[in-house]
Amino acid sequence: MERIGAVESSLQFSEEIETLMTVPHESGTPSSFTALLKLPANQAMELLHDSSEKPYDYTFNCTSSSSHLHFPSNLALVERASRLSVFSTTAATPAAQDSPETTNSSQNSLKVKNEPTETDSNPNSSPVISDPMSQTQTKCQRSGKRKEREKKVKNSSKKSKSGENEKPEETEKLPYVHVRARRGQATDSHSLAERARREKINARMKLLQELVPGCNKISGTALVLDEIINHVQTLQRQVEMLSMRLAAVNPRIDFNLDSFFPGESGSLVEGNFPSMVMPLTWPEVQPIGNRQQQQQIWHFDTLHQPVWGNEGENPNFITPENSLLSYDSSANSGKMGS
Amino acid sequence: MGGEEDDDDEDEEDALVGVVISRMPPPSSIKKEFLKKWLVGLKALSNSRSSSTSKKEMSVLERKKAIKLSADVAMASLKNGTTSWSRALIQNASKDGNNRTLLKSMLGSEYDKKLRIGSTTTSIMCSKGIRNTTVLRRSCGLRRARKISKDQRVRAGLMAKRLVKKRTQVLRSLVPGGEYMDEYSLFEETLDYIMSLRAQVDVMRRLANASAFSSKS
Chain A
3 MERIGAVESS LQFSEEIETL MTVPHESGTP SSFTALLKLP ANQAMELLHD
53 SSEKPYDYTF NCTSSSSHLH FPSNLALVER ASRLSVFSTT AATPAAQDSP
103 ETTNSSQNSL KVKNEPTETD SNPNSSPVIS DPMSQTQTKC QRSGKRKERE
153 KKVKNSSKKS KSGENEKPEE TEKLPYVHVR ARRGQATDSH SLAERARREK
203 INARMKLLQE LVPGCNKISG TALVLDEIIN HVQTLQRQVE MLSMRLAAVN
253 PRIDFNLDSF FPGESGSLVE GNFPSMVMPL TWPEVQPIGN RQQQQQIWHF
303 DTLHQPVWGN EGENPNFITP ENSLLSYDSS ANSGKMGS
Chain B
3 MGGEEDDDDE DEEDALVGVV ISRMPPPSSI KKEFLKKWLV GLKALSNSRS
53 SSTSKKEMSV LERKKAIKLS ADVAMASLKN GTTSWSRALI QNASKDGNNR
103 TLLKSMLGSE YDKKLRIGST TTSIMCSKGI RNTTVLRRSC GLRRARKISK
153 DQRVRAGLMA KRLVKKRTQV LRSLVPGGEY MDEYSLFEET LDYIMSLRAQ
203 VDVMRRLANA SAFSSKS
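First to last, the protein sequences are chains A and B. Last residue of the first sequence: 340 (the numbering used here), numbering continuous. Last residue of the second sequence: 219 (the numbering used here), numbering continuous.
Be aware that a few hints might be false.
Per the computed footprint, the stretches of chain A lying under chain B, defined by three or more beta-carbons under 8 Å from a beta-carbon of chain B, are [unchecked claim]:
#, segment
1, 202 to 210
2, 217 to 224
3, 227 to 241
Treat the hints as calculated values from the structure; they're not laboratory data. Even glycine gets a Cβ: it sits at the ideal position worked out from N, Cα and C.
Start from the sequences and build out the full structure, keeping to the hints where you can.
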């Protein structure tokens, strides 16, 4: 890092600077926000998708070890994860060459080892999460020192002709934030920290924008926030309405889960359900089943398919009517649909 | 150059991923887990009610509250304390003494441990939140003296900032436990909260439709 700065400042070769600047186009680890800050917005978003998906995969990971969750198999995402890891390995080598500091290279090699294991295993892995988490908890001290060193470098590099973009980040693996001052902008540590913080927040906003449908076209933080708030309120209101519906329909809140077609329950179970669903729910039916007050009963089995479809094959809502009528063994929901 | 082509491809992919993320249905294993926990909670509720109170009939509102509460707690317990909103939600639920049995049954034997963990984290966040200037400012009703600027652009910028601040405040009130988070974690929590709300709505809607259908037949 320092060596690069020294090289830059002392020699001020534009070619070296260009080579350094081309690194960010390839580099990028899903876990490094510092690299994200340097990349153009598109690439940053792409990386953020992965970096955000992995943490969210993790948070959605259920406690039960049996059901190991992964996002509904989306080849695009997996390919992207693999592509990024490949990039990180390629970035590691030029980075190692450029900055032969032992600390950096050791961290790079560590990172390189992490990435292949990450793609081998499920996309949701903890090494990735620990990095974003540690980055979000940047200590000001370390970043402050770094920024001071960078300040000196920057001040000298500002005089060079390459003032428009920031310096590429080789030490992206390190868990604190590097911000390079743009030409003509303040370089005191406060505004640097401010800018880093703001960029992080903007990155998150972009993610939220992508999540909430209909936000892509909107520009401007306030309007996007409006949409997000709207969305959250809508969802909460839906929960209220649905619970009201359920309360109105049922005299008892304990849904009696007996089958009211006892004869057909066997065939339904064999026929329609993917085998994974059965072992999970069968033990559940027994303790909950309650034969005493049968004011409102319905076949719990019929709830399987409407409730969660066919493991992502059919995300549409399947009416229980269809599931009841079609006793075919095909678990496919070709005929079923809302 | 090659760089530009890459950008174009990535633009499309970005849009694609964005659409995928927003339209993707919540994973079914989450929904399964949620349903299981929810039903456990409901059963516990109904058992406790029928044993403690003499009248077996609950009003619709009571039922609705019970259903909603157990659904929320079920969803929050799935997170297992990893996210802040889930902790805050469980905390709020446990404040009401009536819910103890429900929470005990749903969260299992680790109920007390989780509550202690939750309370310590929220107390830490409370102390942080008190130091958080936005909370202070809001509670004291102070108004920062604004710079009188004649420049249009600066004024527009200030107004935009004010709007954003207002919105952020509203968002804080929506997301459980939002008052004590800083902006950055607020957005993260919102993201996660939206995803789990979606899953919750999905399961509840299907259940409601299924029950409506069966009542018709």
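Evaluated hints:
no. : hint       : verdict
1   : 202 to 210 : holds (count 6)
2   : 217 to 224 : holds (count 4)
3   : 227 to 241 : holds (count 11)
When the structure is compared with the earlier hints, no violation turns up for any of them.
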